[in-house]
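**Q** Letter by letter, the chains look like this.
Protein chains: 2
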Amino acid sequence: SVEEVKGYIDQHADELVQRLADAVAIRSVSSDPSRRPDCVQMGEHVAEWIKKLGGTVEMVDLGFQDEKTSPGLKLPPIVLGQLGNDPTKPTVALYGHYDVQPADKNDGWNTDPWLLTQVDGKLYGRGSTDDKGPLLSWFWVVEAFQKVGRPIPVNLKFCFEGMEESGSVGLEKVVEEQCKPGKFLSDVDYFCVSDNYWLGTKKPCVTYGLRGMAYFFLEIEGPKQDLHSGLFGGVVHEPMVDLTKLFAKLVESDGKILVPKVSETVRKLTAEESKTYESIDFDPEEFRQTVGSDRLSKKGKASILQHRWRFPSLSIHGIEGAFSGPGAKTVIPRKVIGKFSLRLVPDQDPKEIERLVQEYLNGEFAKLNSPNKMKVYVYHGAKAWLSPTDHPNYEAARRAVKEVYGVDPDLTREGGSIPIVLTFQEASGKNVLLLPVGCGDDGAHSQNEKLNRVNYINGCKLLAHYFEEISKAGK
Amino acid sequence: SVEEVKGYIDQHADELVQRLADAVAIRSVSSDPSRRPDCVQMGEHVAEWIKKLGGTVEMVDLGFQDEKTSPGLKLPPIVLGQLGNDPTKPTVALYGHYDVQPADKNDGWNTDPWLLTQVDGKLYGRGSTDDKGPLLSWFWVVEAFQKVGRPIPVNLKFCFEGMEESGSVGLEKVVEEQCKPGKFLSDVDYFCVSDNYWLGTKKPCVTYGLRGMAYFFLEIEGPKQDLHSGLFGGVVHEPMVDLTKLFAKLVESDGKILVPKVSETVRKLTAEESKTYESIDFDPEEFRQTVGSDRLSKKGKASILQHRWRFPSLSIHGIEGAFSGPGAKTVIPRKVIGKFSLRLVPDQDPKEIERLVQEYLNGEFAKLNSPNKMKVYVYHGAKAWLSPTDHPNYEAARRAVKEVYGVDPDLTREGGSIPIVLTFQEASGKNVLLLPVGCGDDGAHSQNEKLNRVNYINGCKLLAHYFEEISKAGK
Ligand SMILES: [Zn+2]
Ligand SMILES: [Zn+2]
Ligand SMILES: [Zn+2]
Ligand SMILES: [Zn+2]
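Residue numbers (my numbering), protein chains in the order written: chain L, 1 to 475; chain W, 1 to 475.
Honestly, the hints are just simulated from the structure, not real lab data.
Treat each hint with caution, since some may be false.
It does not matter which identical chain is used: a pair holds within one copy or between any two.
Computed list of lysine-lysine pairs in BS3-like fashion (alpha-carbon distance at most 30 Å, straight line) [unchecked claim]:
hint	residue 1	residue 2
1	Lys301	Lys105
2	Lys74	Lys373
3	Lys51	Lys367
4	Lys375	Lys249
5	Lys68	Lys298
6	Lys249	Lys299
7	Lys298	Lys373
8	Lys203	Lys249
9	Lys367	Lys299
10	Lys298	Lys173
11	Lys335	Lys202
Computed from a predicted structure; not experimentally measured.
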């Protein structure tokens, strides 16, 4: 029975932690060209596990990254794996990513980010929760079924990429291609994505919505070279000054977006939707402590959740080309590229948002009367995603959660963006489920990223039940 | 005669270029801790030359840099050298620095910055003009006097540091100490500094003024860790947003400083001073082309010169702690440190400017109603410097220029800051002269820094004449 499967997982928990440590040790930072060999190694590591479990693997070669900005840099492969092809069983496809965010001990990590370190039941390490732990869980539950001699109740297809943290370069085309009749993903009945987190730290959830993204580059270019601020300061229009003027026009400290008409593109909040926030288990004070700010810019459960899930936000990330080191440098940078992004919601379209931002910033820049050259454009964009939840895929997931955790999961949305989720839904016409493993305080993309050991082990058990439940739903 | 000395220099020009290449090849970047051994090596290289020429050297050990920010990092030594101690001759002290700004081929250099490359009479390489070329010139003129068998008409004292590009850590204390009675610099009659540039590209000049500096760190700290903009964007007060709001309040695109009362601290422009700008050889259009902007923020010779020399400027240099790489990263940085600086003029005091900036930014930050923590302070400050020019030191320099170039030099000021110049003047009570070697388009601190070969060789000849002329002025 599934109980035996879960028993096997419990008995091998230490081994599963060690295997996660092996994966974390591979520094598969997709944004760092010098770490590209580690990304490729991590892709092979994942492929090896599929083969060890008796599956077949195709490594999709995506060719080279951007020839202009990164000449000669090969993309890490997409790993397409298959396990089982019983025509009587439904086929579940899993998406995950084997690349990770950058990490450096000096950025404020308490432990070596590449050495999985267990402290008080927490497994600290880059990629522990985003996304190596959740991705590997699928292998361990397959192994557990096999070891206890129980047939896996579904056919499995894996789709793992190594560029998620760098814009999922190449993935969308592959997914669209593989969803065509007769191709790898064409016979998938249900999609499941394990790349998000519980809302809080105590109650599990199942996720049906994501915000989209419009990531902007705001370039300002002036002098033909960097200038010494002593020799030239006072007589040149400095690109950095123009950039900060425009940055300051984008958003208020409290998060209010200043780009005109953006709020008009947001789907109206209905009374019906308003009600759904009431029952969700979310503690604003616990959330505030996770953030660590003295005060959040929104007050109350519903307002906070709505501003994370269903209203757009605008964040300013940084500047390329300006002085960024420690200490003092008296440079006037000749060209700076400001980086900011809007998280998009239904019914916003990245193209329309780009147009609004361009119209607004072109106007604001003209007011500066600067001889510098300004250009603003979307570097990558993606629409928000929403799934219906009255679907067997979601019902199976909710029953699986109840079996493992003894509670009904909250139905949640999330503020982050996983553009490929929308692609899976639109290219296949099938339902896509987000089934999170980690907690809301795991710190994906931050210093001291962690995955609770209990979430890791329960994540495996959750999948065991999900396999059982979805197999009952049939094809 | 001096003609023989100059002849020797001409005959050995290729050798002098090769020796500059040897020095440029030593990557003595003082701001990069990993290059500290190169800085020490460059200090030893300079000391070796003094010894080869028959001088004596003391290497002043400055101990460790900042134990908090750079634990275990030793400072490069100050090289104090002496050549000659004839009590009948005046003693001239020379200041220069053997460290350089960072440089990377990928920053936009057309040639390897560490391989001195001659193109069309220009010697390209980091440190060629700032300050290795001018510093080494002093050795070559000494050697030339010796080789043609002519006694050097002055006693020489050298004071060379290796931290000028990083705030001259430790130098001020050493100079103040060495100016005390009986100490190394106590018997110096004239100071000469070779660490600035001609105003333009054609006419030599002698420099009697420098702007000072107040380099500010503007720290804003909020969440306890970096946050994912998807999960947290919309409900937190982002430190980067607050920083850009404050940055935007500092200065207009046209350079107008917005900090109240700063303009009141500037010495008034008199009719007499106004007249001095008329005769200076300066081509605003040529200057604009050097900058490479379509349009400068000031118009006309006098206005441009005044805003570079005798009015303060405010430049925004960059941000520490924000995303600064290529590509896209969706981070909300937890803490950012904005870097900006004011170039100060008579009669501004860095302490007073710090107070004005703090008062203003504290008020502006309060208006943001942000829960983040803000702190703004001067990281390093220095007053402006002005020297009287009706002094034998300046008169000797002017005659030397006339001998080499056949024209009377312009008397100029400069917009940059060399804080130690003021210290020399105040600690010794002696006159300090700035005698530039390189051209206004040399690009110190920029990509493709260069020193014209002709300036390098004429710089040596200029010093030969300066030795002669200053020896006539006596002690
Ligand atoms: Zn992820
Ligand atoms: Zn991620
Ligand atoms: Zn210098
Ligand atoms: Zn310099």
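**Q** Could you work out which of the previously given hints the structure breaks and list their numbers from low to high?
**A** 1, 2, 3, 5, 8 and 10
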